[in-house]
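Visitor: One-letter residues, chain by chain:
Protein chains: 2
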Amino acid sequence: MRVGVIGLGIMGAPMARNLLRAGHEVVVHGRRRARVDPLVALGARAADTPAAVAAATESVVTCLPDGPDVELVVTGPDGVLAGATRGLVVIDTSTIAPDTARTLAARSAEVGVGFLDAPVSGGEQGAIAGTLSIMAGGEPDVFARAQSVFAAIGRTVTHMGPAGQGQMTKLVNQVIGVTTLAAVAEGLTLAAHAGLDPEAVLAAVGSGAATSWQLQNLGPRIQRGDWAPGFMVRLQQKDLRLAFAAAARVGVALPATAVVHQLLASVEARGGGALGTQAIAQALEELAGSGPQP
Amino acid sequence: MRVGVIGLGIMGAPMARNLLRAGHEVVVHGRRRARVDPLVALGARAADTPAAVAAATESVVTCLPDGPDVELVVTGPDGVLAGATRGLVVIDTSTIAPDTARTLAARSAEVGVGFLDAPVSGGEQGAIAGTLSIMAGGEPDVFARAQSVFAAIGRTVTHMGPAGQGQMTKLVNQVIGVTTLAAVAEGLTLAAHAGLDPEAVLAAVGSGAATSWQLQNLGPRIQRGDWAPGFMVRLQQKDLRLAFAAAARVGVALPATAVVHQLLASVEARGGGALGTQAIAQALEELAGSGPQP
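So the protein lines, in turn, are chains A and B.
According to this note's numbering, the first sequence is numbered sequentially starting from 1.
According to this note's numbering, the second sequence is numbered sequentially starting from 1.
These are calculated hints, taken from the structure and not from any lab test.
Beta carbons: idealized from backbone N, C-alpha and C, even for Gly.
Take these hints with a grain of salt, some might be off.
[Unchecked claim] Coverage of chain A stretches by chain B, computed from C-beta distances (three or more under 8 Å per stretch; other residues unrestricted): (1) 117-128; (2) 183-196.
[Unchecked claim] Far from chain B by the CB rule (all over 10 Å, computed), these chain A residues: (3) V36; (4) V40; (5) A46; (6) A109; (7) D141; (8) A151; (9) G225; (10) D226.
[Unchecked claim] A few chain A residues facing chain B, derived, Cβ under 8 Å: (11) Q165; (12) A253; (13) V260.
Required output: the full structure, derived from the provided sequences and hints.
Guide: Shown next, in the form of structure tokens:
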């Protein structure tokens, strides 16, 4: 299949590589030449605009930082819809507001284009390995037509309902993930200041009812002060803002997650926006006394 | 070995059964006849006081609700130390303050008795299956002498350091576990009010970086409104009070866990102290509007 990829960052570039590896004809567009060229070297074709990508392909994957970026790429003057022919499928893997996804799906439908909100979980590692978890919202027939693309980039693909429900699921995922991380960070900060052996703590706590992906994967990083992303604080904060807005729309309060958001705001305020989310432990350390350090 | 068990509740009774099954001679003491008799029927001997249990055994396992209970059973007039001979090992599997455990270890050492703080994780299921995770604090030689008892009741046994550090590890475990549960409850409340399919949410979120024991085990209970314990809200609250006190002693703030404690306080205030901790979702529901219900 001829597949476009627009947005060639940490997540988009490995998706494009996996689509090439699966035998698709891939057309890419990105604002930075340094990100386009390596994919061209692997066999992709470069296009100058999103419209040109759409004109040359049957499916277009977008992977962009935020809602306004996706709106511009899809509905802008040189956007996907400007170049699309009827029957094109747009698969937006960005994390954006459910309402924005619903609007883009409606705009796409007006010109005979299928649109799926299909945000992903699994991070850079999952994107590279092609093992992302994909949460999709949109029409069932459009979802069915996206299967060969999904198969190349992800492992678990769940159809969550109509347009916007993929994004809503991703926001649920982000709420649960980051607050689980805060649980780990508070516990490990207590453990460190109490003088407990780091490895013994992970062994004891990691074998029972308190274990989690966050504990297993980010716990050791917190213990050794490794703040490299992973998933950046400022992107997590963007996702939480979307989550609070979506929660307010359906009438739900998220009090523990609100505290987590504020702790991460402190990390950002101290210049840590590009650190991994596990840097939430830095905020707890700022609040703590001078006992043993983590 | 001759092993005593004092405290025959949800956790203590299955520990006594597993000690019998492992071939130990078991002497039990509990305040309620209805809990003693079934163990006698399985081959245990009943003793009238903790002192009498201690006089008849080489190791004594205590499994009691809180610190004052353990202090009374160990150091009271008819307590374990009143009946103990030198060389007895006391294994306290209750969750109590690290400071109390340190005091009891010192008092025991004065009369030649070894004392381990050995709180457990894994709940009633783990106690029944003999697969508890045990976090032990105390002298290495006493820890070594407790191995045959640990082998009968648990699977993962971690020596966390000197007296009190087993309890400290358990408090770390409780902080991480309950705040992870709050993460799950907030996410699933958002999902329910947004109209997402419960099973699809668990499939999508449970396969990625937001997964946890709490999500896998208590997520489905939250979704179907099953509030049976599991682990009771009022015991979790007791453990969190111990955790906040211990955290204050070492100079650590636990802001997200504090919010979780208050949400559970609301569940208790509304009569839910004997519900399972997953009833934290009830507090979130009280805060929410009238969208789709979980």
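Visitor: All hints, please: hold or fail.
Guide: Hints, verified against the model:
1. 117-128: holds (count 4)
2. 183-196: Since three or more residues must qualify, the claim that chain B covers the stretch 183-196 of chain A holds, with 12 doing so at under 8 Å.
3. V36: Non-interface label stands for V36 (chain A): nearest chain B Cβ at 29 Å, farther than 10 Å.
4. V40: Its Cβ never comes within 10 Å of chain B, the nearest being 31 Å, so this holds.
5. A46: Holds, since 32 Å exceeds 10 Å.
6. A109: The claim holds: A109 (chain A) sits with its nearest Cβ about 21 Å from chain B, beyond 10 Å.
7. D141: holds (18 Å)
8. A151: With a cut-off of 10 Å, A151 (chain A) remains clear of chain B, as the shortest Cβ separation is near 16 Å.
9. G225: holds (17 Å)
10. D226: The claim holds: D226 (chain A) sits with its nearest Cβ about 17 Å from chain B, beyond 10 Å.
11. Q165: holds (6 Å)
12. A253: holds (4 Å)
13. V260: Hint holds; V260 (chain A) Cβ to chain B Cβ min 6 Å, cut 8 Å.
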